[in-house]
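Two chains, each in its own frame: build the complex with the hints.
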Amino acid sequence: MTKPLHAAVLLFPGSNREGDVARALRQAGAQVEIIWHHAERLPEGTDLVVLPGGFSYGDYLRCGAIAARARVMDAAREHAAKGGLVLGICNGFQILCEAGLLPGVLMRNKGLKFIGRMQTLRVETVAPFFTRRYKPGQVVTYALAHGEGAYVAEEAVIYELEQDGRVAFRYCDAAGAVTEAANPNGSINNIAGVYGAGFNVLGLMPHPENLVDALTGGVDGRPLFEGLAAAA
Amino acid sequence: MKRRIVVTLKQSVLDPQGKAIEGALKSLGLEGFASVRQGKVFDVELDGVEGAAADELLKQACEKLLANTVVESYSVEHD
Numbered sequence: 001m002t003k004p005l006h007a008a009v010l011l012f013p014g015s016n017r018e019g020d021v022a023r024a025l026r027q028a029g030a031q032v033e034i035i036w037h038h039a040e041r042l043p044e045g046t047d048l049v050v051l052p053g054g055f056s057y058g059d060y061l062r063c064g065a066i067a068a069r070a071r072v073m074d075a076a077r078e079h080a081a082k083g084g085l086v087l088g089i090c091n092g093f094q095i096l097c098e099a100g101l102l103p104g105v106l107m108r109n110k111g112l113k114f115i116g117r118m119q120t121l122r123v124e125t126v127a128p129f130f131t132r133r134y135k136p137g138q139v140v141t142y143a144l145a146h147g148e149g150a151y152v153a154e155e156a157v158i159y160e161l162e163q164d165g166r167v168a169f170r171y172c173d174a175a176g177a178v179t180e181a182a183n184p185n186g187s188i189n190n191i192a193g194v195y196g197a198g199f200n201v202l203g204l205m206p207h208p209e210n211l212v213d214a215l216t217g218g219v220d221g222r223p224l225f226e227g228l229a230a231a232a
Numbered sequence: 001m002k003r004r005i006v007v008t009l010k011q012s013v014l015d016p017q018g019k020a021i022e023g024a025l026k027s028l029g030l031e032g033f034a035s036v037r038q039g040k041v042f043d044v045e046l047d048g049v050e051g052a053a054a055d056e057l058l059k060q061a062c063e064k065l066l067a068n069t070v071v072e073s074y075s076v077e078h079d
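The listed protein sequences correspond, in order, to chains W and A. Every letter in the first sequence is one number past the one before it in the working numbering, and letter 152, counting from 1, is 152. Every letter in the second sequence is one number past the one before it in the working numbering, and letter 14, counting from 1, is 14.
Excised from the complex, chain A in its bound form (with noise of 0.2 Å):
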């Protein structure tokens, strides 16, 4: 089973890497942006583990490891 993560920073917080790509999108001429948020992707295949286990497993491994809560938020994209 696979699953992908998303991991971005909460909104609150300052996100400079993506202010710049922002930047760099107008510099290229390409007008309509509005604002540019960068974050991380974590595509994971599961092996044994399904349903509310695999969902359980996930938000560990978010909270745990893949995301620092302080500053970041996570979502788990089914296929």
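Bound-form chain W, shown alone (with noise of 0.2 Å):
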């Protein structure tokens, strides 16, 4: 590796997981910086654009939608087109989707209640730089956090992401079972992240970056960092 990792950290009214994501990158080796939703460019050398957690402008309208058509998701956009990488978490899972970036939606959880609590999940697919890291069926232990977690979209492109190996996570029990019961919010399938078409874009409703130290709960989601960092 020449040179470390430069991340773009977008910061949006009402994002709230910035730091924990600029944490998790810096502790697997990357250079970040933060990023102001006014910004038209990205700063030069961007190798991976985030879009942290949080509540962007309140969830009005619909979570996400007023954050997708920020000035700054326009660069964010171009670069993904280059094949850049592109992580949204959560409330950023959100924003790629009404964005256009990724298909879908998320919708309220099915038993209308906010999850927060650690979940299992069952890493599908081994793609190339986000999960790389992690052997393909391999059980992890990401946190949970939202409201509007049920991962929707139109049959065709559920068939398609099925088709195409871009379902990179899904909800499991333990023993790593992908069960009705281990579906904590009516996802399709049990969908908890998806790639884009080019595997250089990725969103996910569970938190990886609240599992990077053993301190405070576990060191599930290092992995995904620290393939991210030897990216560039």
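Worth flagging that the hints you see were computed from the coordinates, not collected in a lab. Model, not experiment: these values are computed from the prediction. Cβ atoms here follow ideal geometry from the backbone N, Cα and C, with glycine treated the same way. Do not take every clue at face value.
Cβ-Cβ distance ranges computed for the label pairs, FRET-style [claimed, not checked]: (1) W/V157 - A/V36: 24 to 30 Å; (2) W/R26 - A/L25: 28 to 34 Å; (3) W/G45 - A/V49: 40 to 46 Å; (4) A/K26 - W/E180: 21 to 27 Å.
Set out below in structure tokens:
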């Protein structure tokens, strides 16, 4: 590795997980800048754009809808179109869907309750960069913190995602079984995260950035950031 | 010129909020509701745009922002 991965974490009014994701990236060796949403351009040499969790614009209209139309998102779209890496976590996943960078939409949890707890997930597809430090089928524990996390898309879209191996993570039980009982929010096919067509865009509802320190619950999230940091 | 835009979830999409409201109506003893679906209303005032141009403007507003057409449909009500 000749230079560290350069990550730009986009900050919207109401984002609140930018510090956590920046910390997880820095711990893995990345160089991180936090960029306000008015920016017209990404910093020179940006390898990875991160949309952090939170409640951008107070979840007004629909979760992520207003942030998806922010000026800086045009730059993020351009970056993705050129094959640049984009990671959206929780509200960031909602923003990616609203921005058209990922298909589908995140709907109100089936049980209507906000869910804040640990959750086991199965790593479905080991993709370059994002999940290369995991084994296929590996069960990991990430944290859930969302009220609108039910992944929904048209049947044809789900079929395409499944056929192309673009389901990144699925909600599962501790043994790795993908069951209805292990589905926390009503997502179709227990989908917790999806890749864009080029596998350079990843959106997921659970928070890997919460799990980067044994002191605060575990380190299952670390391989994701380490895989990214080694991408430069 | 004023227009009212109504955005609702498509029939094929589960509406857990509507279901909860339906349950609350029943718990109030209000009988006779077969189902409840929740939606959004936007009251807009247009300035200097009329006729077909206004219709087109509102369509753009709905498709680009007000509705997520993956799961929602919209209609524009005239006075």
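Hint-by-hint comparison with the structure:
The given range of 24 to 30 Å is respected by W/V157 and A/V36, whose C-beta atoms sit roughly 28 Å from each other. Distance hint check for W/R26 and A/L25: the Cβ-Cβ separation is about 52 Å, which falls outside the suggested range of 28 to 34 Å. In this structure, W/G45 and A/V49 meet the distance hint of 40 to 46 Å, their C-beta atoms being roughly 44 Å apart. A C-beta distance of roughly 26 Å is found between A/K26 and W/E180, which places it inside the suggested range of 21 to 27 Å.
Checked against the numbered hints given earlier, the structure breaks only hint 2 and satisfies all the rest.
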